[in-house]
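Student: We have chain A; now place chains B, C and D onto it with these hints.
There are 4 protein chains.
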Amino acid sequence: MKLLVTENYETLSQITADIVLMRWAENRRVNLALTAGSSPKRAYEILAERLNQVFFDQSLAHFYNFDEITLKDQEYGLTMQALTEELFNPLGIVEENIEVLDAGNYQDYDRQIAEDGGLDLVLMGIGGDGHFCGNMPEFTSFDYGVYRVPIKPGDELYKLIDESSPHTPGEEMVTFGAQTVLAAKKLVLIANGEKKAEIIKQALEGPITEDVPASILRLHPNLTVILDQEAASKLK
Amino acid sequence: MKLLVTENYETLSQITADIVLMRWAENRRVNLALTAGSSPKRAYEILAERLNQVFFDQSLAHFYNFDEITLKDQEYGLTMQALTEELFNPLGIVEENIEVLDAGNYQDYDRQIAEDGGLDLVLMGIGGDGHFCGNMPEFTSFDYGVYRVPIKPGDELYKLIDESSPHTPGEEMVTFGAQTVLAAKKLVLIANGEKKAEIIKQALEGPITEDVPASILRLHPNLTVILDQEAASKLK
Amino acid sequence: MKLLVTENYETLSQITADIVLMRWAENRRVNLALTAGSSPKRAYEILAERLNQVFFDQSLAHFYNFDEITLKDQEYGLTMQALTEELFNPLGIVEENIEVLDAGNYQDYDRQIAEDGGLDLVLMGIGGDGHFCGNMPEFTSFDYGVYRVPIKPGDELYKLIDESSPHTPGEEMVTFGAQTVLAAKKLVLIANGEKKAEIIKQALEGPITEDVPASILRLHPNLTVILDQEAASKLK
Amino acid sequence: MKLLVTENYETLSQITADIVLMRWAENRRVNLALTAGSSPKRAYEILAERLNQVFFDQSLAHFYNFDEITLKDQEYGLTMQALTEELFNPLGIVEENIEVLDAGNYQDYDRQIAEDGGLDLVLMGIGGDGHFCGNMPEFTSFDYGVYRVPIKPGDELYKLIDESSPHTPGEEMVTFGAQTVLAAKKLVLIANGEKKAEIIKQALEGPITEDVPASILRLHPNLTVILDQEAASKLK
Chain A
0 MKLLVTENYE TLSQITADIV LMRWAENRRV NLALTAGSSP KRAYEILAER LNQVFFDQSL
60 AHFYNFDEIT LKDQEYGLTM QALTEELFNP LGIVEENIEV LDAGNYQDYD RQIAEDGGLD
120 LVLMGIGGDG HFCGNMPEFT SFDYGVYRVP IKPGDELYKL IDESSPHTPG EEMVTFGAQT
180 VLAAKKLVLI ANGEKKAEII KQALEGPITE DVPASILRLH PNLTVILDQE AASKLK
Chain B
0 MKLLVTENYE TLSQITADIV LMRWAENRRV NLALTAGSSP KRAYEILAER LNQVFFDQSL
60 AHFYNFDEIT LKDQEYGLTM QALTEELFNP LGIVEENIEV LDAGNYQDYD RQIAEDGGLD
120 LVLMGIGGDG HFCGNMPEFT SFDYGVYRVP IKPGDELYKL IDESSPHTPG EEMVTFGAQT
180 VLAAKKLVLI ANGEKKAEII KQALEGPITE DVPASILRLH PNLTVILDQE AASKLK
Chain C
0 MKLLVTENYE TLSQITADIV LMRWAENRRV NLALTAGSSP KRAYEILAER LNQVFFDQSL
60 AHFYNFDEIT LKDQEYGLTM QALTEELFNP LGIVEENIEV LDAGNYQDYD RQIAEDGGLD
120 LVLMGIGGDG HFCGNMPEFT SFDYGVYRVP IKPGDELYKL IDESSPHTPG EEMVTFGAQT
180 VLAAKKLVLI ANGEKKAEII KQALEGPITE DVPASILRLH PNLTVILDQE AASKLK
Chain D
0 MKLLVTENYE TLSQITADIV LMRWAENRRV NLALTAGSSP KRAYEILAER LNQVFFDQSL
60 AHFYNFDEIT LKDQEYGLTM QALTEELFNP LGIVEENIEV LDAGNYQDYD RQIAEDGGLD
120 LVLMGIGGDG HFCGNMPEFT SFDYGVYRVP IKPGDELYKL IDESSPHTPG EEMVTFGAQT
180 VLAAKKLVLI ANGEKKAEII KQALEGPITE DVPASILRLH PNLTVILDQE AASKLK
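Residue numbers (numbering that gives the first Met the number 0), protein chains in the order written: chain A, 0 to 235; chain B, 0 to 235; chain C, 0 to 235; chain D, 0 to 235.
The set of hints was computed from the structure by calculation and includes no laboratory data. A portion of the hints provided could be inaccurate.
[To be verified] DSS-like mimics (lysine-lysine), calculated; alpha carbons at most 25 Å apart, straight line:
(1) C:K184 / D:K185
(2) C:K185 / C:K1
(3) D:K233 / D:K40
(4) C:K185 / A:K184
(5) D:K40 / D:K151
(6) B:K1 / A:K184
If we strip away everything but chain A, and leave its shape as in the complex, we get (with noise of 0.2 Å):
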């Protein structure tokens, strides 16, 4: 594990954007899973800027998204329709660079990403409670590839996508497991802020365990995790 605490999260945000910048400029196709959400929110500002700034053939990138929940009436699900928001439209990629998980499709997408020639790099965010992608503690299991969680009303799941989002979840989340996460060449983790702090030291410094999702990313040989000050705070 690479461990990179930074002064703040505009630094953290500008090695994120340099490090995904790179990737994305291969000279041969790359496949890059990147996270939507709060953390990533200002490197993906960044890489828009950088995007009028540098120039290279962004052809052979092609962009993942590692889990989805499904909407009711809705083409896209949480995460492509977030992604499409955050990063697909700000950054100008084009439909036929995106691979879309939904589903339809998640049993066949181990094979899939493996046709593909594999996963070049995953970026992702930790939760409060140490999920990574879509692995929550209550159904993680480390051999899982990826995977289908049904929800139905009721579930924690179900009442938190009904509350923060305009739509009607649908009846499952997808997902990359462990098994699809650690199989990738290169795993960057961010987390900012103090609300992160316990958890970041659960998930580096604890067992690693299924009750910490996150905590099984220590034993890839290529995981970069980069921190905010706060974030990092009680770490040894």
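Tutor: Relative to chain A, chains B, C and D alone:
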């Protein structure tokens, strides 16, 4: 995970020998941790033959013992004695290319490996209880780097060594833990014979759990598992 | 450059076969460009035997012909016909895993390789004139990617083909140039027999020059050269 | 070859700084050969700022000077003096992480690099005459490893140093040759300003020839070229 099932132990051994040979013959320093024991016995014989048939600069490869059980009144422990007899002497590996892990240096060993450039290859067998290196189910924790396990008369391990070795066990075992092993660039796990079929099934298809330590190896992005048909006979 | 000198052609062939086997058995798409011709003949026989002894998922490997000489009134050119006979048929490689380079697509081929994820392995022989792939000294330029060489009756190459093949040559050769080959992740060059000793000396120890095209291969950071003792007999 | 054209020198420098930073922050020994001179000046300033903002274990990175011109009555030569002033001192790189190439050890240096695990990154500029490291057109041969060029009063190089430095030139230059540089895992070439436009065009689009030494870098499978718009202005 790359899975190769071979017709028999001889083919398994030929492939294993050539994997080691190709890493050994690098044009830059490489760091190899190769197991002692019965599984690689024939592979090492083939390697010894190969070294009479293939000429290359052998000086850049460094060899590491990945575990050690100290022995009373002996300079070298159980593993180093076995490796010397089974690997180092028959293959003519000279002392300056052998990096010895022991009870005196284990605390600095992860650091030492990092300063040496990291491990390029770890070749392992699997125990009937699912152990790899010295990670027995009774004291495995996936977050361990190189660590020490005290041994006392009466312990399972003490009795085992006492019976199988002409020497009296010392006070401890030291071993690469999961963190150390999974940080390597490439892992190879070999197993042969019907007696390994059940544990192979558990390790490769069961849950990833400290109760079957080798199950964690599946999460490495560059693991090759080589089995003969008997060891593979219970796989789906 | 990694140099392995083997006692004889049989050992050279065994090692070559296992290098190809290990790349073939990847758990993600891999792209292999393997030479036709006399040098790898025995290696491919051993590979065919291995495929009866070693079971793995063969579906993720794609095979490329790295040069082609078109033939009049023939669907496939000289190289594809040879590869089909020597490699694809004996090894049971199915059509959907074969990527055909020909006069119709050569202009887009560097792009196609990039979109396929790049070449993982190029296995080559060396000609008595120092050529690799179709890069003959008379028209090699190190800055070429995939390129076309027109052939007319009266040309050296025309005569050679006309004599050695039951077919009439077409109007061109197409071939991976140095740019295409050196962009691959790994290169393997094999040569056996006394008749190769002089050109091997020139290619490995002489100046790097377009007059000895294979001399450029030495600059690749991941080149393995495997020779039998006869081919190596003039090296320092 | 990966080509990135940046809007201006500032963006070029930011990206370059982050490329170096990410290699520097490895969790195993890495070997970095970074150029002195005007092109990376701003990148090193940014790096110095970054080191006040980003905290990581710096101890595993080793720094190499890739050429040296000896100076009369001086312990260090021209390059080491420049690197000390521009890179090592401002960035706080300690002596034990600096590997000095000089006239006394150049003959063993390729071997030393191999024993150190090989070069992970070489960051270079390009001279107006197409030179990279110390490979001037007048004495470049692509088959050279680390080599020595004698210098006498009256030589072009002697005059140049004599004029630009407070010190009197010594008797030689030593430099990584093409063999040494192209054996590295990753190469980065940077150039900025209109005055570099013509040589960049020759090096990237012209023939690969010892008359334009940097033209050979294009053949490396992992070369990144970063230019500002002015330096890129003559490219197709």
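Student: State for each hint whether it applies.
Tutor: Comparing the hints with the structure gives:
1. C:K184 / D:K185: Holds: K184 of chain C and K185 of chain D sit about 12 Å apart, inside 25 Å.
2. C:K185 / C:K1: holds, 11 Å
3. D:K233 / D:K40: holds, 24 Å
4. C:K185 / A:K184: The hint holds at about 17 Å.
5. D:K40 / D:K151: violated, 30 Å
6. B:K1 / A:K184: holds, 15 Å
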